[in-house]
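J.: Protein chains in written order, with this note's numbering: chain Y, 1 to 383; chain X, 1 to 598.
Bear in mind the hints are in silico, worked out from the structure with no lab data behind them. Treat the hints with care, as some may be off.
Think about it this way: if two alpha-carbon atoms lie no more than 20 angstroms apart in a straight line, the pair counts; the simulated EDC-like pairs of lysine to aspartate or glutamate are [claimed, not checked]:
#: 1; chain 1: X; residue 1: K333; chain 2: Y; residue 2: E38
#: 2; chain 1: X; residue 1: K76; chain 2: X; residue 2: D107
#: 3; chain 1: Y; residue 1: K217; chain 2: Y; residue 2: D81
#: 4; chain 1: Y; residue 1: K217; chain 2: X; residue 2: E486
#: 5; chain 1: Y; residue 1: K217; chain 2: X; residue 2: E336
#: 6; chain 1: X; residue 1: K514; chain 2: X; residue 2: E422
#: 7; chain 1: X; residue 1: K335; chain 2: Y; residue 2: D76
#: 8; chain 1: X; residue 1: K333; chain 2: Y; residue 2: D81
#: 9; chain 1: X; residue 1: K451; chain 2: X; residue 2: E422
#: 10; chain 1: X; residue 1: K506; chain 2: X; residue 2: E486
#: 11; chain 1: X; residue 1: K335; chain 2: Y; residue 2: D219
#: 12; chain 1: X; residue 1: K335; chain 2: Y; residue 2: D81
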Amino acid sequence: MNNRIDTTLKADLKKFGLQSWNDCFHCGNCTALCPLTEDANLFPRNSIRTMQMGLKDKLMSGVDPWLCYYCGECSDTCPRDANPGEVMMTLRRYLTSLYDWTGLSKKFYTSKVWELGAILLLGGMVVLAFALFFPTINPELTADGGVRINSIMPLQWIEWADWTMGIIVAGLLISNLMRMYYKIAFGAGAVRIPLALYFKEAWQLAFHFSTQWKFSKCDGKRYWLWHWLLMSGYTIMFILIMVFLPWFQTEEIFEVWHPQRLLGYYATFGLLFGLTAVIIGRIRKSNAKFKFSHVSDWLFIVMLFLTVLTGILVHFFRIYGMPMATYYLYVAHLAVLVPMIMIEVPFSKWSHLAYRPFAIYFANLRKAAMKYHEKTEISLATT
Amino acid sequence: MGEIKPTGVFLAFNLSDLNGIDPMELGEYVKKIPGIRKVWISGEELDPDPRKILTEINEHKLKRIILAGYEPGMYKSAFSYAMNEAGLDIRDVGLASFSEYAVKTIDEAKAVLYCTIFGIPYPEARKNGSAIVLSETLVIGAGIAGIQAALEIADSGNKVYLVERTGTIGGHMAMFDKTFPTLDCAACILTPKMVDVGQHPNIELITLGEVSELKGSTGNFEVTINKKARYVDENACIGCGVCSEKCPQNTYSEFDASTTLRKAIYIPFPQAVPNKYLIDAENCRFIQEEKCGVCQKVCPAECIDFNDQDKDIHIKVGNIVVATGFKTFDPGKIKEFGYGKFPNVLTSLEFERLINAAGPTGGNIRYRTEDKKGNWVFKPKGSEPERIALIHCIGSRDRNYNEYCSRVCCMYSLKLAHLVKEKLPESEVYEYYIDMRAFGKGYEEFYNRIKEEGVHIIRGRTARIAQEDGHLTLRTEDILNHRLIEQEVDMVVLAVGLEPRSDAEKLADLLGIKREASGWFLETTTGCDQCSTLDQGIHLAGVCQGPKDIPDSVAQGSAAASKVLQNIIKGKVDTDISGLHDIELRAKELSSIMEDES
């Protein structure tokens, strides 16, 4: 194991938004105050120490930053103004870039030019694709007065593009998760995990992904609710678009109570509500977690907000029969949506949707494995 | 007037230490002084990079450079290097340090800079003849530091006025049971000194007094002291205590840190000096509502006078010693500890009274309980706590409250832990600390002794206290053991830090002395002269200058006394001129004298 103090890590982390690294005097106030920490995973102080000593390997083989949901109580009461909550946030950015084997994540996090450039490039490609294939726009309305939305591009093409995008994103995410898993299971201080435990603990993944139970233990139920609405809206919309596109994007206008519209409206409401709350919070800096906004924080919120906004407009223009407005906004909608998914999900802030539940899963596996080893040792000792 | 070498001035300001001084204005001022070829303002035009400085020196044909600011020495090496490279004398890099002269206004900054440019020491340019020093001295505050200073000056045969705001002298030290690290009885050291003060022919003690006005100048101050009405004739009172016995009105006792009740007519504690009763007008039924008056009826010496009035006392003194002490931090500000909500979360001062043999319980450790009238007090009867926790650094070393270390809390906490172990040998004592500061003579040994006595000493700052079913739970990270602990205890003592008194600002304005950012009175030089202020007739002693323990306070009291005696023996002090224009003229004059001499 590494037995030196690595002074380069601090410089590296500064690029990810680290403000100060040497303020902490290790009183342990933050850890003792944290509602989520426990003996097996002590944070934030311990992570700060690891960071100060430059123990990159130790950082990578742990999951502690992912277990923090940033209630900000530690930052509010820190006697040294060392902002433990923000350090954890920075570490999450840093870990995201370490898991990513393409190196793009680091580029996006540390350079505005790279991130904005990539977004503009992908958005431009979408617009270009429509311009080149500008096919069979049909300004005529359907029988019930709606716009023939699928005439702009054959729906099947959009679906293929969807699937291609889905496979690329999933491939990137899964490969990054494998790297994360490898470091945790075989990195510094790893514990051997019996195979059966992987299945026994698997329910944790689905449970924590869908409920975000840990977040609700953080600071009050209010932020948890905002976040849950945002997350559930996003997930529903994601599934509707990726899996059920032909069912969801119809030219026929269904009644309001039709599941297609109800699901769409719920998802839109969830997204809009959660996003508005977060945007207001970040502008007002109303809570420690909103006090410092990295470029990647804002970029993600703004992109998602624009996607939702254009989506809503497309929907209403289509229903009320405004063909040209619908077509232009549809292109704009995709020009924001595609870069958001392609860049934010595998390389930037949105990747936490995968890393967080897996981190909890790995942390619990480790705990269960340690208990298992303890038991076997005891039974060996007694026989 | 001598010619000034072509000079460049670098104004080295950090945004954090501007002190309200506008660097631009200062720059404009300096540019107008003849001989100044170039002015740089840090962060604006010039990085202190030797190569860039060298180019600038050559470009403007500079022969000398002056660095000005609060910490200008920080940049000196870069400029010296550049001067050397330019083939010039590195002794021509001059420093105009604002912190050295405690500069607080732009005019002072201008004056310091002007003097430096003309090569005249600033104090020299300010000097304006001398003044006769009166042999009388005023000591403000009669805690241990003030008492020590007053006694030493008085013993040399000079008159001392000792002004104390409360009804008795003694200050905080009188409240303590033992002193660290020797575990001497605090009262045994203090009370003989207090009695000496009371009987000394050269000390005029003014209790219930506050300085309200200062006129005159160094060496000849005219001071007005506002003496509050005592309502008891000090000369007639025989201290029998009948009045207090009969008084029907109760209120929290200040001397017992509000852990018990006293009467409206009272004596702060049995060894008080002067040992005379006084009436607390705010709580006296007769003074407030003209009902009662029992004390007057029962007093055998007929010394109670409800018509007593506040009065002003005018005195003339040559020197003043400021020894106003401190107040303790109010832990109610930290909501996580529940102080004020949980009755058995105490401040260290309250616990000092609880454990004091002369305290409300006679030195027995008891729970704080509610009496019939709803007052939370310590009473001698009741059960004993078995587990006591002490938490260090409350309100100290915390950027949300006071960033400085209060210096005494580690040691007094260890002392309290020892006293608990002494009185309740079966009890468990837990100390939660961040860093253990046992820095003085015999302190580290004392720390080791406490560890050997079986006190559990845990590294980690307790973050939260919860109260459930009558016991308190402390949540702390046990840093050295890599785990969280939730410790159940019966009583918590918060080691509160020291803070400047709330009227320190008022007093500083009144006396014309400076305070530092944290609020303590500012001495001239931290390292070398802790008891002098910029006014040669005003001296500091004790905690009012910065947190310190009893030995250090006594030492500083003696040091202040010796400063006073120096002035008295010399019989005169140098006086200062103020006003930028006068200082400028004086500096020019001195500079031409120097020129002639050479």
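J.: Where does the structure disagree with the numbered hints, that is, which hint numbers, in rising order?
T.: Violated: hints 1, 2, 3, 6, 10.
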